[in-house]
Amino acid sequence: MLGLPEDADAGTEAADDVRFDEASPVTGASRIEAAWTGQDDGSASVAGAGDASGHVFTQTYLPWSGTLNPRWARNWAVYRHHLAGLVRSGHRPWPVLVRLYLLLVLIGAAADMFPILLSSILGDGASIVSVFGVSRNSLYAHVLGFFPRNILYYPVVTALIVGTMISEDRLNGTSALYFSRPISRLDYVVMKYLAAASVLGLLCIGTLVLFYFAEVLAMGRGWAWVVDTFPLLMAAVAAGGLLVVTYTSLGLGLSSVSTNGYFPAIGLLALVLGTKSLAEIVGLLFEQDVLYLFSPYDALANVGQHLLGIESNYDLPWTWSLVSVVAMNAVALYVLAGRVASMEVTRE
Amino acid sequence: MYPQDVTDARPAVVETSGLTKAYGSHVALDGLDLRIEAGATGLLGANGAGKSTLLKTLLGLVQVSAGEGKVLGLDIRTDGPSIRQRIGYMPEYEALDPRMDGIHQVRYAGELLGMNPTVAMGRAHQALEYVGLGEQRYRPISSYSTGMRQATKLACAIIHDPELIIADEPSNGLDAASRDFMLQTLDTTVRNGQRSVLMASHLMDDVEQVCERIVLLHKGRLVAQGRIEDLKAIDREYEVHVWGAADAMATGLADRGLHVRREGRVMRVAQERDGIPTEILEVAAETGAQVRRLHMYEASLEDLFIAIMERLGHDVKSSDDLYANAPKGGAGPA
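Chains as they are written, first to last, in this note's numbering: chain A, 8 to 355; chain B, 483 to 816.
Only chain A is shown next, with the shape it has when bound in the complex (with noise of 0.2 Å):
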């Protein structure tokens, strides 16, 4: 008989009796019999495979009587599904590409904190940490720096982050899985804006306070030190959730209106890219600087200058820029506001 499991055991007690030591002669009989289990009548079983029965489906309802957590811990659950995802499967998948670009831009962005850190290595903190050490300056470009970290860096990575966030629920419909749940509409913007804005805020922020506390340690700075610059870098923080705020309002507006990532991240670096450009021309042209009150970047610039006490680039009142900041997340959280209000559960 094949195949029976307990043929199986039988064979197996069989292949025990046959015994290879240094002794036994070699004849090949015990091989065959260990191999084929072989009995003294001359019969012969193999080891079956195990049982081949399929599974079968049974469809059974499993009811379940746990508790649903309060509102909280739903829109934990949202922001933790787009931030989780950039270091997690399981979460709201990110391309590779985009996250293999905010790996770079972190190290971008943190990379006015190695001159310091190589400084405290050599021994030699003076030379280089009055070059490349916390100041007004240093501190206004690590936030407001034009080349690389407004060009390369934060538009982009704003445009990466946002331009898909709320687009790709109108182009999938996945809208309805959130507002056919106890989501509300506020819940939904605010958790994709904080989810976006703590990714800009960490690059922008983050590195910022990681550049001033690397030479508090680094190059040991005392009370007298931090209490005499921690103002700069409160007013350089202040600079930076300006332009994470701004940036991240006009990307999720943009992203409002649109069914695909493609626009909203175009659409945010022309937004940002290209009226500075023209405002640039325009005022080497024709002398008029009233566009760079149009250049979110411009208008965030002429603020932060005024909150770092550095001089300014600009002929216009910083109040004004201020003013053109807070139009500019006006209108953009207008736009967001009544693009997601408009977003449907039964059809879209």
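Do not take every clue at face value.
Unchecked claim - Quick list of the computed label-pair ranges, beta carbon to beta carbon:
| # | chain 1 | residue 1 | chain 2 | residue 2 | range |
| --- | --- | --- | --- | --- | --- |
| 1 | A | L69 | B | R743 | 46 to 52 Å |
| 2 | A | V63 | B | D687 | 27 to 33 Å |
| 3 | A | V264 | B | G616 | 38 to 44 Å |
| 4 | A | V63 | B | E711 | 31 to 37 Å |
| 5 | A | S191 | B | N529 | 26 to 32 Å |
| 6 | A | A337 | B | Y505 | 26 to 32 Å |
| 7 | A | S349 | B | R559 | 17 to 23 Å |
Hints were generated in silico from the structure; no laboratory data involved. Here the structure is a predicted model, which means the values were calculated and not measured. No residue lacks a Cβ here, since even glycine has one placed at the ideal position from N, Cα and C.
Given chain A, put chain B in place with the hints provided.
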């Protein structure tokens, strides 16, 4: 309006009174008085009948213009989030991220309801196994067939074991095998899981296969609600298969004041009074037609829908019109 029985009334999962929703001058829902009991109920209606608006209203997503309503005892005007936490909604259209795995999509749907991530993952496994995707749960949704996507949406809807599942066109775009499985799954959810299903569909066969009751909307108005069997009683017919002299027999039946629908040698005679079989045989004898078969016609839901719509025409003035035009042999209102 056609009736619903009150003899074996079960607890209502949805109740509305004078529910009205208007978008400007367009009235999408016009004074609906609904009572949907526990179990499986089909929501029927042509495009523009108000099905989607009703579902959004029941989900607490749109403000009603007038009237009131309750879902699972919760007020649709003020308890929207609580309602959406206690029901499972399966949308008609694509609502899945194609780049995610099935298991993680369903887990995320659970987290959006407030489930702990670990618990949600455990339930996602169970839900996907239940809808027949146990072996495919780690595949990206982009690789799923339409049937598998529909099943995933159902898994998202039932992950928290809701008391009421609202399935919007659950068999939309499915082939025969997937459709049967989807309907069987919904049926099992009702019978085995003791859960209620409100199934919006324009496919009468699907509704008939799963649902015991229907709600029929037309141009925002409630046309009929109740048990399918009771509603079918309004349009009872005898089906007669004849051989020879069919024209004469049809004329003879019509001369006796009977309402006859004829298709070749098969004719259906409305049961408008008692003694119809005797009259049919008498007419057959008079006209020389051979009656090969005579039986009570088992009307389908499709027949019922058509019959109701024929009687209403395209202009529903009030739900009472339907009853007023109903044949005398049919069931009256409760």
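Verification of the hints:
1. A:L69 with B:R743: 46 to 52 Å: 48 Å Cβ-Cβ, so the 46 to 52 Å window holds.
2. A:V63 with B:D687: 27 to 33 Å: The hinted range 27 to 33 Å holds for V63 of chain A and D687 of chain B, with Cβ atoms some 28 Å apart.
3. A:V264 with B:G616: 38 to 44 Å: 40 Å, holds
4. A:V63 with B:E711: 31 to 37 Å: 34 Å, holds
5. A:S191 with B:N529: 26 to 32 Å: Between S191 of chain A and N529 of chain B, where Cβ atoms are some 29 Å apart, the hint holds.
6. A:A337 with B:Y505: 26 to 32 Å: 28 Å, holds
7. A:S349 with B:R559: 17 to 23 Å: Since S349 of chain A and R559 of chain B have Cβ atoms about 21 Å apart, the given range 17 to 23 Å holds.
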